[in-house]
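My request is simple: use the sequences and hints to build the entire structure.
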Amino acid sequence: MWLWFSKLGSPKWFYELSGKWLPWLVGAMIISMTVAVVWALLYLPPDYQQGYTSRILVVHVAVAGTSLAFFPLMAVAGTITLVWKMKLADMVAKNAAALGAWFSFITLATGSLWGSVMWGTWWEWTDARLVSMLFQFFLLLGVVSLRSALEDPDKAAKACALLSIVGCINVVIIKYSVEWWNVLHQPSSPLSVNSDSPNGPEFWIATIIMVLAVYLFLSISLILATRNEILQRERRAQWVQELVRNS
Amino acid sequence: MIEAIQFSSFSEFLDMGGYAFNVWSVYGLFAVFIIANLWLPLNKRKQILREQKRRLLVNEERNITTDDKQQ
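Chains S and F, in that order, are what the protein sequence lines are.
At position 170 of the first sequence (counting the first as 1) the number is 468 in our numbering, and the numbers step up by one without a gap.
At position 56 of the second sequence (counting the first as 1) the number is 57 in our numbering, and the numbers step up by one without a gap.
By construction, these hints were calculated from the structure, which means they are not laboratory data.
Treat the hints with care, as some may be off.
As the list claims (entries may be wrong) - Calculated pairs, DSS-like style, for lysine-lysine (alpha carbon to alpha carbon, straight line, at most 30 Å): (1) F:K47 / S:K310; (2) S:K318 / S:K385; (3) S:K453 / F:K45.
Structure below.
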C-alpha cells in the first residue's frame, strides 16, 4: 500500500502509466460521446412540455454534475499536498482549477440557453442554484489567480489547497440549493428508467452515457495538462531530458 | 434504426422543433469546449518540447566549446 502510494507520487511513474492509459481513455471517450450525441440529437423523443429543448439538458446535466467534482478533487489533492507534500497532487490541483472554471462556465451558458425559452429568462439573481454555480465559477477563477499571484510556488500550493478545501462548502450549497430554497431551478428528477417517469428512460440512458463521456473527457484533459506540468517542473530530471531529446 | 429517428427531413432536423438557435448553440458550445480543452494542452506540449529541446541543444553546444577550451 505505502509502496504504491509513494510510487503514485512519482511524476515519472505517473507520466509512463498515463501514457499507456491515454489511448484507451480517448477511444472510450470517442465512442461514448458519439453514442450520446447521436442518440440525443436524432433519437430522443420530444418532451411533452419542453419539446426538443430537453436535448439541451443531456449536455447541461452531464457538464453541471461533473463540475461539482472539481472542488472535492482539488480538496483531496490539496490535503495530500499539505500532509505529504506530494508534488504530483499539486500539479493535478493546479490544472483542475482552470478546467473546472471552463466546466462551470459551460454549465451556466447551457443552462441560460435552456432557461431563456423554458423560463422566459436568461438569468435570475434570486435563484440560489444559479447564483451558487456562478459563485463556483468565480471561486475557481480565484484559485487560478491566487496561484499566479503568489510567487513562491510552495506558498501558492498551500494557499490554493486551503481555498480548495473551503470551497467544498459551496458544492454542498449548489447540491442542496434546490431543496433548501424555493427556486426557479427544478430539483433533479429521480433517476428512473420507468416509462411513466416524467423523463422517459431514453432521456436518462442518453444522459448517463453523456456523463460517462464527460468524465472521460475530464480525465483526458487533466492528464494531458498534468503531463505538461511534469515536463516543465521536472525538466532537469534525466528521463525528461532524454524524452525531450528524442522528441 | 432509421425509423426511430425523430425527423423525416434534414431541414426538420436543423429546425429542432422551432428551438434551433438554443439547441444548436448548446451543442456548438459543447463542441468548442471539448475541442479547446484537448487542443490547448496538446499544443502546449508541442511548445514545451520545442522550447526544452532548443535549450538542451544550446547547453550541449556550450559544453562542447568549454570542453574544447579545456583541451
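Checked hints:
For the given pair, K47 (chain F) sits about 19 Å from K310 (chain S) by alpha-carbon distance, which is consistent with the 30 Å threshold. Distance check on the hinted pair: K318 (chain S) and K385 (chain S) sit about 21 Å apart at the alpha-carbon level, within 30 Å; holds. Our distance criterion of 30 Å between C-alpha atoms is met by K453 (chain S) and K45 (chain F), whose separation comes to about 25 Å.
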